[in-house]
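Participant: Sequence:
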Amino acid sequence: MKWRYFKQNVFFVTIRFSAFIIALSIGAFLVYIFMNGIGAIGWDFLTLPPRDSMTKGGIMPAILGTFYLTAGAIIIALPLGVVSAIYLSEYAKQGPVIRLIRIGVNCLAGVPSVVFGLFGLGLFVVFLQFGSCILSGALTLGFLILPTIIGASEEALKGVPQTFREASLGLGVSKWQTILRIVLPNALPGILTGSILGIGRAAGETAPIMFTAAAFFTAKLPTSIFDEVMALPYHVYVLATAGTHIEETRPIQYGTILVLVALVLGIDLIAIIMRSYIRKKKRW
Numbered sequence: 100m101k102w103r104y105f106k107q108n109v110f111f112v113t114i115r116f117s118a119f120i121i122a123l124s125i126g127a128f129l130v131y132i133f134m135n136g137i138g139a140i141g142w143d144f145l146t147l148p149p150r151d152s153m154t155k156g157g158i159m160p161a162i163l164g165t166f167y168l169t170a171g172a173i174i175i176a177l178p179l180g181v182v183s184a185i186y187l188s189e190y191a192k193q194g195p196v197i198r199l200i201r202i203g204v205n206c207l208a209g210v211p212s213v214v215f216g217l218f219g220l221g222l223f224v225v226f227l228q229f230g231s232c233i234l235s236g237a238l239t240l241g242f243l244i245l246p247t248i249i250g251a252s253e254e255a256l257k258g259v260p261q262t263f264r265e266a267s268l269g270l271g272v273s274k275w276q277t278i279l280r281i282v283l284p285n286a287l288p289g290i291l292t293g294s295i296l297g298i299g300r301a302a303g304e305t306a307p308i309m310f311t312a313a314a315f316f317t318a319k320l321p322t323s324i325f326d327e328v329m330a331l332p333y334h335v336y337v338l339a340t341a342g343t344h345i346e347e348t349r350p351i352q353y354g355t356i357l358v359l360v361a362l363v364l365g366i367d368l369i370a371i372i373m374r375s376y377i378r379k380k381k382r383w
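Following the working numbering, the numbering of the sequence shown begins with 100 at its first residue and continues without gaps.
Fair warning: there could be bad hints in the mix.
[Stated by the list, open to error] Pair ranges (Cβ atoms, derived):
id: 1; residue 1: V214; residue 2: T322; range: 27 to 33 Å
id: 2; residue 1: V214; residue 2: P260; range: 34 to 40 Å
id: 3; residue 1: A118; residue 2: I369; range: 21 to 27 Å
If you're looking for bench data, these hints aren't it; they were derived computationally from the structure.
The C-beta atom is built at its ideal place from N, Cα and C for all residues, glycine as well.
Produce the complete structure using the sequences and hints provided.
Facilitator: Here it is as structure tokens:
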């Protein structure tokens with residue numbers, strides 16, 4: 100008995116220590132980025148385009164480009180992901196084919212982002228002739244985060260008690276109305292969790308947009324979905340590897356990273372607040 104309690108205590112201590120190390124690493128990373136990037140943050144930095152070979156000026160086109168690409172990816176991936184999860188969870192007959200589909204979805208979630216970038220280049224930019232633009236980048240990022248949203252949404256739907264469905268069907272409500280009015284509202288917090296993960300990945304990816312949407316430099320703001328855009332992750336990559344004044348742009352690099360982290364955290368915070376509100380409303 101004592102040996103069992105000892106192993107249990109060792110296990111809990113290991114978990115707590117691991118969580119502490121992870122939190123400490125993330126905290127150290129955020130502090131490092133903040134200390135190196137805060138000096139570059141200012142009104143001009145956030146509202147002006149780059150100038151003088153991107154050694155001066157701001158990152159407004161990159162901020163808007165990142166927002167457009169991320170919002171477009173979510174608009175594309177969220178409905179497709181939720182509908183796919185509803186089919187796999189509520190309608191599909193469980194068997195070898197469905198198991199194969201789930202394996203495929205899980206495998207796609209682990210495919211390197213550069214593969215999705217080449218896929219978007221071949222399909223959207225070349226074959227469909229959209230060109231390098233917001234639409235091509237958003238579609239590519241949408242397919243990139245689609246497996247994550249499908250997996251999270253399906254688990255959220257499975258987490259809704261079966262008795263909810265049985266009670267609704269017992270009252271004569273159709274299956275679709277049961278899913279729409281009973282199952283989906285109860286699964287929405289879990290679906291939003293998948294969306295949060297998707298937002299973080301879509302906003303921070305460089306390889307997919309490098310082939311499909313991102314411009315090395317443009318001072319003008321996009322006027323349609325068929326325009327190229329600058330994006331924060333690609334802007335950091337350009338400044339750090341392809342710029343002509345890499346050391347001079349070092350503060351701008353850290354400032355851009357800080358803005359990207361703040362943008363992702365801000366979008367995630369909105370989704371978290373929505374999720375908390377929905378959960379509280381359910382308790383009422």
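Participant: Which earlier hints turn out false for this structure, listed by number in ascending order?
Facilitator: none
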